[in-house]
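Student: This is what each chain is made of:
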Amino acid sequence: MTCPDAKTWNLLSMNLLDEALARSLRQHALECQRCHAAWQEASRRHTELLETFSKTFDCDHDQRRDQLMALLPVSVPLCKEESDASRRWWPNKGEIAMTLRRHKTGWAAAALVPVVCCVLLLLLLTTGEKLAFADVLEKIRQAKTMTCDFVTTVTVEKGLLPGEPTGEPMQGTISMLFDGEKYSTLIEGEKSVKGKATKGKIRFLMLGDRGYVWVDGKVRFIDASLSGIPPATENWLNRLLEVRESPDRNLGEKEINGRRAAGFEIVGWKLGLGARPTEGNPTPNDSDIRLRVWVDLEQNLPIRLEIKQKQVMPRQSRVVTIDQQWDNIKWNVPLDPARFQPPSQEELGEEPTMKLPAIDEAAFVDGMRIWLKLEKKAKVQIDKFKKKAKDRGGELPRGMAQVFEGAAINGGYPERLDASWLTNVFSIRAALASLEKTVPEQKPVPENLSKEERQELIRSRGEEAAKASAKAGVKAATEVSPKATAIAAFYQKLANEKREPRYFGATVTPGDAEAILLQWKLDDGRYRVIRGDLKAETVDSVD
Amino acid sequence: MKETDGALAKAARRGDRSAFAELYDRRARLIRAICFNTTDDLHSAADLTQEVFLRAYSKLDSLRDPERFSAWLTGIARQVCREWIRGRLRDRQLARPLPKEVEPVTRQHEASPHLETLQKDLAKLPERERLCLQAFYLQDLDAEQARSVVGLSKSTFYRVLAKARERLATIHRREEVKS
Chain Z
40 MTCPDAKTWN LLSMNLLDEA LARSLRQHAL ECQRCHAAWQ EASRRHTELL
90 ETFSKTFDCD HDQRRDQLMA LLPVSVPLCK EESDASRRWW PNKGEIAMTL
140 RRHKTGWAAA ALVPVVCCVL LLLLLTTGEK LAFADVLEKI RQAKTMTCDF
190 VTTVTVEKGL LPGEPTGEPM QGTISMLFDG EKYSTLIEGE KSVKGKATKG
240 KIRFLMLGDR GYVWVDGKVR FIDASLSGIP PATENWLNRL LEVRESPDRN
290 LGEKEINGRR AAGFEIVGWK LGLGARPTEG NPTPNDSDIR LRVWVDLEQN
340 LPIRLEIKQK QVMPRQSRVV TIDQQWDNIK WNVPLDPARF QPPSQEELGE
390 EPTMKLPAID EAAFVDGMRI WLKLEKKAKV QIDKFKKKAK DRGGELPRGM
440 AQVFEGAAIN GGYPERLDAS WLTNVFSIRA ALASLEKTVP EQKPVPENLS
490 KEERQELIRS RGEEAAKASA KAGVKAATEV SPKATAIAAF YQKLANEKRE
540 PRYFGATVTP GDAEAILLQW KLDDGRYRVI RGDLKAETVD SVD
Chain V
3 MKETDGALAK AARRGDRSAF AELYDRRARL IRAICFNTTD DLHSAADLTQ
53 EVFLRAYSKL DSLRDPERFS AWLTGIARQV CREWIRGRLR DRQLARPLPK
103 EVEPVTRQHE ASPHLETLQK DLAKLPERER LCLQAFYLQD LDAEQARSVV
153 GLSKSTFYRV LAKARERLAT IHRREEVKS
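Residue numbers (my numbering), protein chains in the order written: chain Z, 40 to 582; chain V, 3 to 181.
Warning: the hint list may mix true and false statements.
Said to hold, decoys possible - Subject to a maximum C-alpha distance of 25 Å in a straight line, what follows is the list of computed BS3-like cross-link-like pairs (lysine-lysine): (1) Lys61(V) to Lys94(Z); (2) Lys94(Z) to Lys165(V); (3) Lys46(Z) to Lys122(V); (4) Lys46(Z) to Lys126(V); (5) Lys426(Z) to Lys415(Z).
In case anyone wonders, no lab produced these hints; they're calculated from the structure.
Extracted from the complex, chain Z is given alone in its bound form:
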């Protein structure tokens, strides 16, 4: 090896060279005295520079940070999509500081007085808002009953399937009894199909962790496994009560059903039961949520809830918007307890109970294993289709390409842990993986058939294969859906229990025994971690 120049030693000292080259350079330096001295000099200079820069520009960093944090405006900076509607009209401290610096001291003093007054006024108003909202939450907690009308509209904005209904509202009433610990919820709904209302057809009763659904007056399904996931209706109130911090926006006042009401808006992760987004889990629980609460100014209790939730499936292949409105909300009104009675044993009959896996660490690990396994199988099938398309000299049909996108093949763990997203990806992967067994070997077409007979045979074989694949796909998707639910529900449960869960998802390589995939806090202050190799252990610290 010829002796490298000074630039190379500089780059080596800064650790900017490929490992292979760096190794050979280090080896050379051990053999060549002159180069060894050059390397030593470069390394020494590197250390000096590091020290110089960090010392020179530290400038009482901690004090300055505290000073800056104290100067930040009290209000939350608005998200882009909302910024036009309610842009902050007052200048921030930085702008004031710049303006003042450009003018004489007298101007500065004169400008400072109104600015300080404005800031104090804003502080006062914001504090008042927090108190009012906290008061509302407290009154909800104390309420014994609640009734309201609801309208839910599910609109498929993108990726509408053939024959799938969209934009058709479901409406009805919600009644809730609260015994101080848990809600009993009764939803009686009617679905308007193309403008034709079919009244009283759906009844849903949740008693703690047991759920019953009546369709046409008959119990059709019993769900006794939702202990980790509260039903949607109850979930919204729970989510609302979990919002300890102030709402994101004050919507002002307006008249609702003849009553004066003040509005509050909460968006994003706060509604994910307090689970903050982390590096690997940017949207831990359907972060694209907006909840508006309209509070009766006389009673200090909500009279209307508006919930807007956008579910974006993998790679934007399907976008669904769910709009819910709870209107005419009445609190502490007498309700007939008989309506909250579970169905009798005779009424239940022999209906099967769908069992979901337990919501625990083992279920999470099991779910992740299946995620990885399904990915491998799905990828094989995707590659097969791609190869076929390539051999024919064309591209994949658009619909098929969309489905493949939906499988979110990333060679790693799920990038998010929200239930709807996970269930969708699991189902697609399972359906693709099931093709391994269902796609039949291509049998040769007998040559003694006429052209029409040959075409008919090919068509009927194709139909048969498609039917078998669809059936197996649906079966496989149904089988794995609970696994997806278990993963999401476990994270949700940890967040709900305030165990500070952090999920690093797609940033962790499967099999990496060093990287943490999921961590949460235990009662004794230590942490439980699940690593990239899906082994769990308890550690004192996760730093």
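Given the coordinates of chain Z, assemble chain V onto it according to the supplied hints.
Tutor: Just chain V now, with coordinates in the frame of chain Z:
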């Protein structure tokens, strides 16, 4: 595991002040260095840095790609520096005190003579080379981050960085000979 700038910027945008404080901890030193290139005075550079972060906080909603927070912040720093120069030219004054509410808390930096020499040498580097060094050494030695801040390709950035180090060594040797 460290959260990315993007994740922190998003959290800050949602009102998480601790996330913004973390961003400040990570990037304030670089911004001070950039401001120092203009002001040639650490006090003023530190004050301008506060302004840069205040301005960044109020404009977080206009940050299109949170992952490019550092580069975006550097842009704000350059704008603030330009305004500072304009203000200085207009007022014919080298340095102006900040208003009372942002009273500086910085003490005079007490550097060792050795470090002072190095600082003086650094000041003699061309601006681009100095900026590359600052970006690299003040961004946790993360070449990719530093590269995106100064807006150079990977190969150019490495070349400028190596050149800067070489030039710095030459300046140092020349100064030693002089003294």
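Student: For every hint, state whether the structure bears it out.
Tutor: We went through each hint and held it up to the structure:
For a cut-off of 25 Å, the pair hint linking lysine 61(V) to lysine 94(Z) is broken: about 30 Å separates their Cα positions. A threshold of 25 Å between alpha carbons decides the hint, and for lysine 94(Z) with lysine 165(V) the separation of about 23 Å falls inside it, so the pair holds. About 22 Å separates the Cα atoms of lysine 46(Z) and lysine 122(V), which keeps this hinted pair within 25 Å; it holds. Using a Cα cut-off of 25 Å, the hinted pair lysine 46(Z) and lysine 126(V) holds, with the two alpha carbons roughly 19 Å apart.
Distance hint between lysine 426(Z) and lysine 415(Z) is fulfilled; the C-alpha atoms sit about 17 Å from each other, no more than 25 Å.
Hint 1 from the earlier list is the only one contradicted by this structure; the remaining hints agree with it.
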